[in-house]
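Each chain is listed here by its residues.
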Amino acid sequence: MAEAGSHEGDTNVRLRRTAIILAAGALVLGACTGDDDDEAGPTTDPPADDGGDAGDAGDDGGGEENGTEGGETLAAVQEAGVVRCGTRDELPGFAVLEAGEHVGFDADFCRVIAAAVLGDAEAVEFVDLETDDRFTALQSGEVDVLVRNTTWTATRDGAEGATFLQPNFYDGQGMMVAADSGLESLEDLAGLVVCVAGGTTTEGNVATEFTRLGLDVPEVLPFDSPELLQVAFQEDRCDGWSSDLSQLSGFRSSYPDGPESLVIFEDAFSKEPLAPAVRDGDTQWAQVVNWAIMSTIQAEEYGLTSANVEEELAGTDDPGIRQFLGEAGEDAVLDPGLGLPTDFALQVVLQVGSYGEIYEEHITPLGLERGLNSIWSDGGLLYAIPYR
Amino acid sequence: MTTARTGRPPLWRDVRVLRVAFQVAVLGIIALVLGTLVGNVQANSERLGIPTGFEYLDNPAQFPIPDSEFRPTQPVRDALVEGLANTLRVVVLGIVMATVLGVLVGIGRLSGNWLVRTAARVYVEILRNIPVFVLIVFAYFALALTAFPAISEAWEPLGLAVFSNRGVVVPWVDGGIAPLVVGGVVATVLAFGLSRWRTAVADRTGAPAHTVRFAVPAVVLVMVAAWLLSGLALSVPDREASSVSGGIRMTPEYFAIFFGLVVYTASHIAEIVRGSIQAVDRGQVEAASALALSGSQRLRYIVLPQSFRIAVPPIGNQYLNLSKNSTLGTAVGYFELARVTSISVGNGAPAVPSYLLLLGIFLVLSLTLSFGVNVVNRRLALVER
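Chains E and C, in that order, are what the protein sequence lines are.
Mapping of the first sequence onto my numbering: position 249 corresponds to residue 325, and the numbering continues sequentially without gaps.
Mapping of the second sequence onto my numbering: position 303 corresponds to residue 1396, and the numbering continues sequentially without gaps.
Since the hints were derived computationally from the structure, they do not count as laboratory data.
Backbone N, C-alpha and C fix where the C-beta goes; we use that ideal spot for every residue, glycine too.
Incorrect hints may appear among the rest.
To be verified - Residues of chain C clear of chain E, computed beta-carbon distances all greater than 12 Å: (1) Arg-1140; (2) Arg-1164; (3) Thr-1211; (4) Ile-1219; (5) Pro-1272; (6) Val-1282; (7) Ala-1311; (8) Ile-1341; (9) Val-1378; (10) Leu-1392; (11) Arg-1472; (12) Ala-1474.
Stated by the list, open to error - FRET-style restraints, in silico, Cβ to Cβ: (13) C:Leu-1130 - E:Asp-204: 23 to 29 Å; (14) C:Glu-1249 - E:Gln-310: 20 to 26 Å; (15) C:Leu-1322 - E:Gly-234: 37 to 43 Å; (16) E:Asp-204 - C:Ile-1122: 33 to 39 Å; (17) C:Leu-1177 - E:Ala-151: 41 to 47 Å; (18) E:Thr-418 - C:Val-1126: 45 to 51 Å.
Claimed, not checked - Stretches of chain E that chain C covers, calculated by requiring three or more beta carbons in the stretch to come under 8 Å of a beta carbon on chain C: (19) 273 to 282; (20) 289 to 298.
Work out the full structure: start from the sequences and follow the hints.
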């Protein structure tokens, strides 16, 4: 009995001590929050600005931009002298690592942005991102721009804190099967198994399309990496491989058993506008990236290429071309106030190329026709906004 | 009492004050850091227009979940429930199987038979020294996908089951498992009752208890009765080209994560079991031998009950590890909770609340498991008189 009593006493002492500590902790907490309020006013920016905390976070992360107003990304990029571009290292045609260099369509658009903003197409820091973490990287300021084969959708526009810009590729989802499988159309895949890349818009599209067609929805099996998906497909875990047509062409071109062992169904069953994205809230940076992309389309409309641009510039009398390239001769140079150097388009075309050049270098080898990705006068969707 | 005369030291040197002050300071720093982090998350999310609440749970998920009735138009909430069910499917069955296998191998490690002893030892030494992630990926690509035949050449023993690298389909009762669950509960209760009754009889009269001889037929009888009552319908898998209908299916993805977790965790449990058997006082075994108990009787009545007392807390840890490692299912495309979370984030759900929720659910899961282990532990603990 005596033992039990002393034990109880112990507990009481401990309880009381805990209570004291908790109370003291609460006091300190209260004091801290109070301090915060007091200091935020006079020491940092003028009041009514939630930038105080945001600025702190930026400082912790190494003095990056984290602004509430426009212009901070551009300033930070100019100061750093490098554009951090979120991309990919294993997407044939769009961005693959070859001898330590990022090569591909998306990689070149990163270079376009760097050439436009900094005048140096090589001033790019490529950040390889998985599908799951791409928006987080953009939100957190780890990358300045995302050029990563990303479909523009309402949910992503609204909920991911991203602003999508001029699509640089109009894609559509397609279906690929083994040539010897005997499958000839989507109907044949009803109730079978389709492999897709996880965390993408393709997963939902398959179900939507088969439901629309009134067919048995196939089992959709998503994989985190294209390598795993390819192994599973080779082992016959799935009958179909569904993805954007451009990606399917890329995977087919590098398929171990040879491209002829795979068949891609001709029709696309979804709209996949692949567009670069920047963080919400910085309009100036969004405009800068938008016009950098646009300049490649404008260059193709003018018939400019990296090979002929200097010659054309010297020989042309077209004031539109001269203004576009920032070489007015005796006349006034147009500076539309985008925050870009006046010769940004010249640098883009000279160092990287026109849209057509980039397409032919990276996408044509995959066996993809230009189709929707022709300029408007050729029946495509590419339509440069006038530069004037 | 003699030193009390010297009076109290000044506050800054008073141990009692310092102790409290130090703890308050630590608490304060932690609160400050957490407060700043939470504040930053909120401020940054607000600035970017990213929702910080849990309203996203009502948005359509926009992705399907294989091997389920889930439709992409259902809300994220339902997808998470489906993911949790898949996690539990791996964790609960995995814990049972890992325990059975682990105990067998652990006892085998101490067997007098050279072959059994060595086989158990090789098993433990190989499996506990491979990262579980590698084991799971290996189980998927090397076993589930490659060692099983393609669906076109599926192996169909007696036309009763279908083995292929798209899963193993075996016959299953038609029309819900509710009668079987009820039957299982009744059978378990009955078996417990019978064994208690037999033990009581044995204690009173000294006759052999024969609990197994009574319990097993009872269980079989009840289960057969439940099955008969459920309508006797058996759904046998039927393969037509690439699609299989009927039966119940184990997908290769489930097989990989389940197999990987079970054999890995079992190797650790085996070592715990071996250690705790060896920790039982040698005198106990000798005394049992002196009472002419046979080898299996010694194990069953003397050694194992005492060693379980030692083994329960560390085995509980292994259960926790298994439940947390189930998130590795993501590597082989198994839709457990973590994968559903990451895919829903890829489809527009906000990252911070999504992962907070995942964190919370796993915390609850782990704490529940710990609680269960603690209850068992308390019941087994030596009652000191």
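- Against the structure, test the hints numbered earlier, and report the numbers of the ones violated in rising order. 1, 2, 15
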